[in-house]
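Undergrad: Just so you know, the protein sequences line up as chains A and B, in that order. With numbering that gives the first Met the number 0, the residue at position 346 of the first sequence is 345, and numbering never jumps. With numbering that gives the first Met the number 0, the residue at position 214 of the second sequence is 213, and numbering never jumps.
Some hints could be false.
Here are the simulated lysine-lysine pairs, BS3-like style, with alpha carbons at most 25 angstroms apart [stated by the list, open to error]:
1. A/K5 to B/K129
2. A/K132 to A/K206
3. B/K294 to A/K1
4. A/K206 to A/K123
5. A/K319 to B/K171
6. B/K294 to A/K5
7. B/K129 to A/K1
Example chain A residues on the side facing chain B (calculated, C-beta under 7 angstroms, incomplete) [to be verified]:
8. P122
9. R175
10. H178
11. S179
12. R323
Just so you know, these hints were derived from the structure itself, not from any lab. Cβ atoms here follow ideal geometry from the backbone N, Cα and C, with glycine treated the same way.
Residue strings, one per chain:
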Amino acid sequence: MKRTLKRGAGLSAVVGLLCALCGCWDNRDIDHRSLPVVMGVALHDDLYEVVLQIPETSQKGIDIRIISQTGKTINQAVDKISERMETSVDLLHLKLILVETEYAREGLTDSISSFMRARDISPKTIIAICDEKLDPFFDYVASSMTPKGTTLYDCFEKNAGWNPQMSLTRIWEVYRSIHSYTRDVAIPIIKSGRSGTIDYLGSALIKNGKMVDRISPEETLLFNSFNGQSAQGKIEVMDHASVLILRSSVRHRSKFAHGTPHLDVRITLKVSIVETKGSVTSKLVKKEVEEILAKRFDGMLHKVQTQESDILGLGQYFRKDIPRAQLRNWRTEYLPKLKVDFKINTIIQNDGNTKLT
Amino acid sequence: MDKSWQVTLIYFITHLGLIFFMYPGDIIASTEDGHWIPIVLGFAVHLGAIAVYMKGLVRLGNRDIVSMYLGMGKGVSLLFLLPITVYFLLICVVSVRCLSEIMTVVFLSSTPLWAIMFLFLFISSYIAFKGIRSIFRTGLLIGCINVPVILFFFSASFQNVDWRYVYPLIGKSSFLTNPSYLESFFVFAGGFLFLGFTQPYVAYRKRHIVFGALALLPFFVFSVYIPILTFGQATASTFNFPFVVALDTISITWIMFDRITLFLLLSLISFMMLYLSIVLWSAMRVVNQSFPSLKPAYILLAIPLFVFIVCLYIPDWKDITEFYWWGTYLRFYILVAVPLSTCFFAGRIRKRKVGL
Numbered sequence: 000m001k002r003t004l005k006r007g008a009g010l011s012a013v014v015g016l017l018c019a020l021c022g023c024w025d026n027r028d029i030d031h032r033s034l035p036v037v038m039g040v041a042l043h044d045d046l047y048e049v050v051l052q053i054p055e056t057s058q059k060g061i062d063i064r065i066i067s068q069t070g071k072t073i074n075q076a077v078d079k080i081s082e083r084m085e086t087s088v089d090l091l092h093l094k095l096i097l098v099e100t101e102y103a104r105e106g107l108t109d110s111i112s113s114f115m116r117a118r119d120i121s122p123k124t125i126i127a128i129c130d131e132k133l134d135p136f137f138d139y140v141a142s143s144m145t146p147k148g149t150t151l152y153d154c155f156e157k158n159a160g161w162n163p164q165m166s167l168t169r170i171w172e173v174y175r176s177i178h179s180y181t182r183d184v185a186i187p188i189i190k191s192g193r194s195g196t197i198d199y200l201g202s203a204l205i206k207n208g209k210m211v212d213r214i215s216p217e218e219t220l221l222f223n224s225f226n227g228q229s230a231q232g233k234i235e236v237m238d239h240a241s242v243l244i245l246r247s248s249v250r251h252r253s254k255f256a257h258g259t260p261h262l263d264v265r266i267t268l269k270v271s272i273v274e275t276k277g278s279v280t281s282k283l284v285k286k287e288v289e290e291i292l293a294k295r296f297d298g299m300l301h302k303v304q305t306q307e308s309d310i311l312g313l314g315q316y317f318r319k320d321i322p323r324a325q326l327r328n329w330r331t332e333y334l335p336k337l338k339v340d341f342k343i344n345t346i347i348q349n350d351g352n353t354k355l356t
Numbered sequence: 000m001d002k003s004w005q006v007t008l009i010y011f012i013t014h015l016g017l018i019f020f021m022y023p024g025d026i027i028a029s030t031e032d033g034h035w036i037p038i039v040l041g042f043a044v045h046l047g048a049i050a051v052y053m054k055g056l057v058r059l060g061n062r063d064i065v066s067m068y069l070g071m072g073k074g075v076s077l078l079f080l081l082p083i084t085v086y087f088l089l090i091c092v093v094s095v096r097c098l099s100e101i102m103t104v105v106f107l108s109s110t111p112l113w114a115i116m117f118l119f120l121f122i123s124s125y126i127a128f129k130g131i132r133s134i135f136r137t138g139l140l141i142g143c144i145n146v147p148v149i150l151f152f153f154s155a156s157f158q159n160v161d162w163r164y165v166y167p168l169i170g171k172s173s174f175l176t177n178p179s180y181l182e183s184f185f186v187f188a189g190g191f192l193f194l195g196f197t198q199p200y201v202a203y204r205k206r207h208i209v210f211g212a213l214a215l216l217p218f219f220v221f222s223v224y225i226p227i228l229t230f231g232q233a234t235a236s237t238f239n240f241p242f243v244v245a246l247d248t249i250s251i252t253w254i255m256f257d258r259i260t261l262f263l264l265l266s267l268i269s270f271m272m273l274y275l276s277i278v279l280w281s282a283m284r285v286v287n288q289s290f291p292s293l294k295p296a297y298i299l300l301a302i303p304l305f306v307f308i309v310c311l312y313i314p315d316w317k318d319i320t321e322f323y324w325w326g327t328y329l330r331f332y333i334l335v336a337v338p339l340s341t342c343f344f345a346g347r348i349r350k351r352k353v354g355l
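Please work from the sequences and hints to get the whole structure.
TA: Now the structure itself:
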C-alpha cells in the first residue's frame, strides 16, 4: 500500500512537471506581436524620434507599415508605439537600425550601449546611416519599394543585395569602437534614390561612436579588402578597361622604432579583364589598377590620420610593441605619425573569353 | 564495477557548466593583459589539488572521505565536515541564484525568479533523491546529447576572432590580490569534492580524472580568450557575462535559428542542474553519516528548502556577488585542506592496518 502511494506521488510529480515544459510566463502568441525589421532613430532637441517598419501580412501579400513616435528615450518611444497598436511591439527580430546623420555626428554612444545592454535587440543587428530626414525616407520606402518581409534589410544581406563597396557593420562592432583603443568602424550611408532604389553614398568614419568624416564607395571597397572581407565581384572602372577582382589577399608587416610606427602593406589582387576601350595591353591595365588603388588608399589614409579614426584597425598591428598604458593614446599620439608603405601587386589571372591584343 | 568513464564524464561536464558563466568575467576583471597567466596558475592549483586528492583516495580504498573523517574522532570531523557542509550550502545558494538571474537576463525576462529557482531545485533534488548511480546515468545521457552541441558552438565562437588582441602577452602580477581573481577559483574548488564521496558506490581509476582535467584546459583558456579576441580587453571588461555576449555576435546563416546562444546556455544549464544534484547529494551524505538517525529523504527535502528560502532573501545582483565573495576564504580552505588531509589521514589509516 505504502509503495503504491509512493509511486503515485512520484508519478504525479513527473506528470506535474509537464506543465513546466512550455517554459513561458506571460506568454504572447505570435499573432499578437509585431516584429519590426527596421528601426530608424533620430535625435532632435533631446527627443528621440523612433520609426519602425513592420511587415504585416494581408490577403494580397505583405504590407509595410511605418509608425513613428517620439520619446525621451528610445524605449519610451517604442513603448508609445506599442501602446497605440493592437499588438505588442517586440524588437527581437530587428535586423537593421537606421540612424540620421545629425545624430550620428553627435555620437551614438548612449543608444548603442543601451542596445547592447538590452537583450531584445541582437548585437548582430546591422547599422546604417540615413543621409536625409527619417520621415521622407521611410515614406519613400513604403511607397516605392516592393513590399516584402525584409525590405531594406536585403540591401545589406550578404547573400542578397550586398555589394563589396558597402561596409557592413553590426551593433557590437560600433560598441567595440566606443571602448577599444585601436579599432574603429565604418558605417554605410544611404539615401532614397529614384524608382524604388536606395542610393549608397559611401561610408561614415566613426571615432569612438561618433561620425567624423565620410569615405567614398570606392574607398570602402579598399577598406573591405584591407580588412579581409573579400572584395570579390567588384568591377573596377578605369580610363581604359574595367576588371573583375577575383581574389584579394593582404599581408602586413609592422615595425616600431623610436616611437614611430611603420607598416608595410602588400595587397595582392587577382583580376580578370571584363571590358576594354581601344587597344589595351595587360601591362597597362596592371599599371593603372595599381596606380588608382594606391591613390585611393593614400586618400583614405589621410582621412584616417587627420580624423584620428582607426577604421582600418592599424593599431592592432602594434599591440605587441606599445605597452597598454600608452596604447590608450594610440589614436591621438601614434596614428597621425604612422608611416604606411603601401604596395599593390596585380595578377591578371585571365582575359575572359577573348584574347587581349 | 569499473565506472571510470562515467565519473570522468561527470567531472568534465560539471566543470564545463561552471566555466562559461562567471569565470571569463572574473578573469577579465582581474587583469588587463596577459590573461593566460592567471588562467594557467589557477589551473595548476586545481591540478595539484586533484593529484593530491586522488592519491589520498587511492590509499583510502573503498571508503568515502566522510567515514574517514568520522573515524578520526570528533575534533577532526568538526574541523573538516562542518566547513564542507557550509561550503556545499553556499555553492547551492550561489549557483541557483546566479543561474536564475542569468536566465532572466538572457532569455526568460518575464518569468519570476522564484519559479526558475524552484524548478532548478526541484529537478536537482529529484535526481539527487534517486541516488548517485542515477545521477551518473543521467549525466551520461545529458553528456551524450549536449557535449556535441557545446563543442559545435564553442568552435563556431571563433568566427569573429582577431588574434592580434592577444597582445600584450606579459602582464603584471597584481592580479594575485585582486578580489575578482580570488573569486574565479569558484570553478576550481567547486566541482572536485564529489570524487571523494562516490567510492563505496562506484569504483573508478583515479588517473582518468587527471586526463579529464587536462581536457578542460582549452575550455578554461578560450572561455576567457574568445571575448578578448572578439572585443578586446577594454570592451570585454564592460560585460557581465563576456562569453555569452561574444557568442551573440556569431552569425551562421545556414542555421535556421537566429540566436545560437540559447542552445549553448540550455546545454550548460542542464550541466549545472546535474552539478547541483551532485552537490545536494554530497551534502546529504555528510549530514546523514554524521547523524545516522536522520532519514536521507528528509535531509534531501530540508536542504533544498533552506537553499530556496535563502535565495529568495537575496534581492539583487550586488548581493549575489557579495555572497560569492564571502565564500572565498572557505573555498581556499576546501581547496587546500581537504586534499591534503585526505592524503594524510588515508596514509595513517593504511599504516595502522599494516601495523595490525
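Undergrad: Please flag the earlier hints that this structure goes against, numbers listed from lowest up.
TA: Failing hints: none at all.
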